[in-house]
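Below are the chains, spelled out letter by letter.
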Amino acid sequence: MTAALLVLLAGLLTALATGLGAVPFAWIRETSPRILALTNAIAAGLMLGASFGLIAEGTRYGTAQTILGGGVGVAFIVLGERALAGREIPFGELRGAGARKILLILAVMTLHSFAEGVAVGVAFGGGEKLATLITLAIAVHNVPEGLAISAVLRPRGSSVLACAGWSVFSSLPQPLMAVPAFLFVESFRPVLPYGLGFAAGAMVFMVFLELLPDAYENASRTTVGVWVSVTLAAMILFQRFL
Amino acid sequence: MTSTQPVLLVLLFGSVAAAATALGALPFAGGRRPNLTGIGAAYALAGGAMLGVGYLLMTHGLVRATLSVMLGAGAGVVYTRWIQHYAGVDTLDMRPGREDGADFGYKIILQNTLHSAAEGVAIGVAMAYELALGGYLALALAVHNVGEAMALTDVLRRRGMTAGESAGLAVVTKVAQPLLAIVAFALAPALGGLAPALLGFAAAALVFLALTELVPASYQRLDARRVALLVSTAAGAVVFLHSLVGEGEA
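Protein chains in written order, with my numbering: chain S, 1 to 242; chain L, 1001 to 1250.
In short, the hints are calculated from the structure, not lab data. Treat the hints loosely; a few may be bogus.
Computed list of lysine to any residue pairs in SDA-like fashion (alpha-carbon distance at most 25 Å, straight line) [what the hints assert, rightly or not]:
#1 LYS1107/L <-> SER1068/L
#2 LYS1107/L <-> VAL226/S
#3 LYS1107/L <-> ALA1041/L
#4 LYS1107/L <-> ASN218/S
#5 LYS1107/L <-> GLY1160/L
#6 LYS1107/L <-> VAL1007/L
#7 LYS1107/L <-> VAL191/S
#8 LYS1107/L <-> ALA1176/L
#9 LYS1107/L <-> VAL1063/L
#10 LYS1107/L <-> THR1091/L
#11 LYS1107/L <-> ASP1090/L
#12 LYS1107/L <-> THR222/S
#13 LYS1107/L <-> MET1161/L
#14 LYS1107/L <-> GLU217/S
#15 LYS1107/L <-> SER220/S
#16 LYS1107/L <-> ALA1022/L
#17 LYS1107/L <-> THR1037/L
#18 LYS1107/L <-> ALA1065/L
Over 12 Å on every C-beta distance to chain S, these chain L residues come out as not near it, computed from the model [what the hints assert, rightly or not]:
#19 GLY1038
#20 GLY1047
#21 GLU1130
#22 VAL1155
#23 VAL1171
#24 PRO1189
#25 ALA1190
Everything numeric in this text was worked out from a predicted model, so none of it was measured. Glycine residues also receive a C-beta, built at the ideal position from the N, C-alpha and C atoms.
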């Protein structure tokens, strides 16, 4: 059982690392439509890069399962959005469409952590010598995900502390899922490609549904294209070397 | 597929994609004014498929050499951006109904020609790596070309051109596509160590074109939910189809 405790601690550490993504936003105070467009483009690039990694990982276990999971992820957002539409759910001081957008993005990022937690647990099951390395890798890889969440929250009026808090919250499913996945590797491994695909599908759909339309509205096509491709490439590099 | 000359297949796929352009002018034949809602859908589908092919090209390159893929990708973005900038098409107002400026006519043709050149290189690189992958890309570009030709014909008709003339012009803007596909296909093996960089270049050029031209154009004609649905479906379909008939892991 000590091994399971270690996995839990490792998962908690990786969740806390997500909060670091809020740090750069301590320096961003004023918000203009342009800043909103740029942060949207950055979040879009980071989320596309994360999906790139999720699909690459999922297809190692099975392409059809990953794509099927992706379809379910898309359907989930469509239904979730329909359920939220027209309801007044305030987020801090935000109301209406802005609050619904934030809620959906937080939901997507939190749900994707479930799949990542399973991935961590299954990976740990592969051999404990790799434990430290994997924990470190996931922790570092969580930082840009916190960055993506903060990029959406901060320009819409959340404090840096709230950005960090929500970032950590979105990663909490990681330790929660990592432990059972580690203990029951054999039962969790077949589910993994569906989960990874689900997360990727939901994220890609979210990028094109919510993030990019706003970005194109307030910045030129070229600006959006450059920011998205640069952050996307940075995210891919980041995942490869860490 | 192996029984046919691969170069002929490249020519065939590239030409089919280019020839499909003429279909876009067909609904306008006889002076008809067709419903143009399909254009946005064609752009979104093609944009999604280009993202899917870009993903596959990237992963194929990354298993070989990370840094050269990324350097190639950087070059792909810089090159595509540079071309758009110097041709002056990056500031083009693509909103439907805003196409009446004096220089819009030549700029839209320039834009179509320039990006079809980049797409031709991508077809050649994809086919050099894996014939099926290039085939999907050619199919996606054929869909894209039809939508593009519809938008172009719509503009040209209002400037007094016939549907036939504008079909011809639309195909001419695509002539470079099969030719550059063959050049890229022939050169790719000779480049040897540069192959990963070439994969990165093609992937980044496709992604950048999708992000700066196809996706924004589809938002102007379709609501965001339909765009998101079509983009993610097309991208997923490419990745899935590739796993069915792909020629194995790199």
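Hint check:
1. The hinted pair formed by LYS1107/L and SER1068/L fails the criterion: a straight-line CA distance of about 34 Å is larger than 25 Å.
2. For the hint pairing LYS1107/L with VAL226/S, the CA-to-CA distance comes to about 21 Å; that is within 25 Å, so the pair holds.
3. At roughly 23 Å between alpha-carbon atoms, LYS1107/L and ALA1041/L fall within 25 Å of each other, so this suggested pair holds.
4. Our distance criterion of 25 Å between C-alpha atoms is met by LYS1107/L and ASN218/S, whose separation comes to about 23 Å.
5. Between the alpha carbons of LYS1107/L and GLY1160/L the distance comes to roughly 17 Å, so the proposed pair stays at or under 25 Å and holds.
6. In summary, the hint linking LYS1107/L to VAL1007/L is not supported, as the alpha carbons are separated by about 32 Å, beyond the 25 Å threshold.
7. A hinted pair counts as satisfied when its Cα atoms are at most 25 Å apart, and LYS1107/L with VAL191/S does not qualify at roughly 51 Å.
8. A threshold of 25 Å between alpha carbons decides the hint, and for LYS1107/L with ALA1176/L the separation of about 17 Å falls inside it, so the pair holds.
9. Restraint check for LYS1107/L and VAL1063/L: not satisfied, since their Cα atoms lie roughly 39 Å apart, outside the 25 Å limit.
10. For the hint linking LYS1107/L to THR1091/L, the alpha-carbon distance of about 10 Å falls within 25 Å, and the restraint holds.
11. In summary, the hint linking LYS1107/L to ASP1090/L is supported, as the alpha carbons are separated by about 10 Å, within the 25 Å threshold.
12. At most 25 Å may separate the alpha-carbon atoms for a hinted pair to count; LYS1107/L and THR222/S meet this at roughly 16 Å.
13. About 17 Å separates the Cα atoms of LYS1107/L and MET1161/L, which keeps this hinted pair within 25 Å; it holds.
14. Distance check on the hinted pair: LYS1107/L and GLU217/S sit about 22 Å apart at the alpha-carbon level, within 25 Å; holds.
15. Taking the CA atoms of LYS1107/L and SER220/S, the gap is near 17 Å; set against the 25 Å cutoff, the hint holds.
16. Distance restraint check for LYS1107/L and ALA1022/L: the Cα-Cα separation of roughly 19 Å lies within the 25 Å cut-off, and the hinted pair is therefore satisfied.
17. This hinted pair checks out: LYS1107/L and THR1037/L have alpha carbons roughly 23 Å apart, not beyond 25 Å.
18. The straight-line distance between the Cα atoms of LYS1107/L and ALA1065/L is roughly 38 Å, outside the 25 Å bound, and the hint therefore fails.
19. Remark: the non-interface label on GLY1038/L is consistent with the geometry, its nearest Cβ contact in chain S lying 19 Å away (cut-off 12 Å).
20. The beta carbon of GLY1047/L is not kept farther than 12 Å from every beta carbon of chain S, the shortest such distance being approximately 9 Å.
21. Against chain S, the non-interface label of GLU1130/L holds: every CB pair exceeds 12 Å, the least being about 15 Å.
22. No Cβ of chain S approaches the Cβ of VAL1155/L within 12 Å, the least distance being about 18 Å, so the stated non-interface status holds.
23. With a least CB separation of 26 Å from chain S, VAL1171/L remains clear of the 12 Å interface cut-off, as annotated.
24. In this structure PRO1189/L is separated from chain S by more than 12 Å, as the shortest Cβ-Cβ distance comes to about 26 Å.
25. Every Cβ of chain S is farther than 12 Å from the Cβ of ALA1190/L; the closest lies at roughly 27 Å, confirming the non-interface assignment.
In summary, the structure is inconsistent with hints 1, 6, 7, 9, 18 and 20 from the numbered list given earlier, while agreeing with the others.
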